[in-house]
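First to last, the sequence lines map onto chains A and B.
Per numbering that gives the first Met the number 0, residue 0 is the first one in the first sequence, and the count goes up by one each step.
Per numbering that gives the first Met the number 0, residue 0 is the first one in the second sequence, and the count goes up by one each step.
Do not rely on the hints blindly, as some may be mistaken.
As the list claims (entries may be wrong) - What follows is a set of in silico ranges between Cβ atoms, one per label pair, in the way DEER data are often shown:
#1 B:23 - A:240: 26 to 34 Å
#2 B:42 - A:228: 32 to 40 Å
#3 A:240 - B:125: 19 to 27 Å
#4 B:45 - A:194: 20 to 28 Å
#5 B:0 - A:22: 16 to 24 Å
The set of hints was computed from the structure by calculation and includes no laboratory data.
Each residue gets a CB set at the ideal place from its N, CA and C atoms; glycine is no exception.
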Amino acid sequence: MSYTKDTSERILTSLAKYYGEASRIKIFSAHLSGVSYENIGDEGLYFLRQISNNGKFSVFTTANPMGADIYDNTFGIHDKFIEKQKEIAQTLIKLGAVESFTCTPFDYFPTPKPFSHVSWAESSAVVYGNTFLNLLTNKESSLSALASAILGETINSGLHHQKNRIPQIGFKIERIKNEVEAGLYAYHIAKLIDVPFSINSYKPMTSLMKKAFSGALGAVSNVSVFRLNQVTLHNQEIKPSDLKGEKMELSTDEPGEMIILGCPHWNHYEIGEFLSKLGNKRLKKDCLIACYKGACQRFIEKNSTYKFTKKHILFFKGACPVFSPLLKELGVKKIVTDSVKAAHYYKLRGIQVNLKTINQIINQEAQ
Amino acid sequence: MIVASIKGRGLVEGIVRGEIIATRQALSFLGGVDRLTGKIVDQKNDLYQEKVGGKVLYIPKSVGSTVGAYVIYAMSKRKLGPKAIICKDADSMLVTGCAISGIPLIDGISFSKLFNSKLYAIVNGNKGTLDLLDEMNNSDQTESLEIKS
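Let the sequences and hints guide you as you build the complete structure.
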């Protein structure tokens, strides 16, 4: 057996042991995490090189954002990083991944029909896929999703079974007002329980709220599915006042030096909605929007005369500014964002965050 | 001398001996541990600034990013990884990260069983046993006293 298949077998066998020697099941797609050179370093790159020497993905495979925009290094991230990041991207493409590099693969790439088994490893996409697309996936590790992409199968356990997806408790939330609140509700719920739950609210979530909630939940919890407006035996109300402590934990009043949006990645509709709300105003500081390369292209194709630089808007294409040397290289230590997921990880990286909604950003950070 | 022996579930095989460092808080390997130094950098964790290298690391569970498996692998390649990981609840990140790095992993052990975190231990990933020792002595017997956890 080749090193690639042997290693993949070893990974899935260890996982089967964890799930109680469960059997395997065919998957329709895989989504890989562990793409940023910032996260996996030379050791991860070496591992991927070894895997790519004698193997190929056997199912449709997308991949997470990189640590830098390798298409257009506007920010001048150092050459060594760009070179290594390009090699990771090329290695994954050589293995058969589509050139996706996004944490929201469902926005642009074909997703299988509901109740299909997939093997996804981006925590926010796992929550989103299980909840809003009715896909069946466990929160795979970077390594198990890679092994699944090679072998075309995963372990038939956990969230692949309907009985493990049933909400155990319902949280009554009158209405989620914006994407920051959505993230904070998820952050709060993650501290309360460790089982699937239902959000019972009369007002539907917008696309940004769905992404914000999924992103925050995936970042701080191991719960990878929730439901909307389902009947549950146990119920509890959560009020906006319950979120004050969560916001204080993550956010400061410090004015940020830069605005960072697109966590999880925005699509071209979400970019368009933000710019439409911004109208004739111009942001007072640089605003970076992280997105799939194609999202940026689609927006530009439709709005070729839009003056991004005049508005202080920059794109970070196919990349994630959180797991990137970007802020360190720019010397930025305080940022503004609307993402609770980003706030959580930035805080771990010693960056101060001021959480503001898009509307607050437009009202307070633009003129 | 063996102070107690605790039975858990062996998930990744291997037998090692080392000093235990233990935390009551769940740990995110990505963002919570520096893969270049093996140091815990999550300020909220009570092992903040401790190095996991060469230690038997106890965590109740891991949380957060799925990329933690690569962090475990990278630390191990740099010889900065833990000798073994003991936890209450394992997950796919811990299992696959440890499997690919050859780090013995046992789950099903609660923090309260480690009544003194300054203890040493013999970890047997094959049998899923954790023998607690009061000192690091190579002549200690490894036969278990089999206390049900």
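Evaluated hints:
1. B:23 - A:240: 26 to 34 Å: holds (28 Å)
2. B:42 - A:228: 32 to 40 Å: Given a distance of about 38 Å, which is inside 32 to 40 Å, the answer is holds.
3. A:240 - B:125: 19 to 27 Å: This hint is violated: roughly 52 Å between Cβ atoms.
4. B:45 - A:194: 20 to 28 Å: holds (26 Å)
5. B:0 - A:22: 16 to 24 Å: Roughly 44 Å apart at Cβ, these two residues miss the hinted range, so it is violated.
This entry does not satisfy hints 3, 5, going by the numbered hints stated previously.
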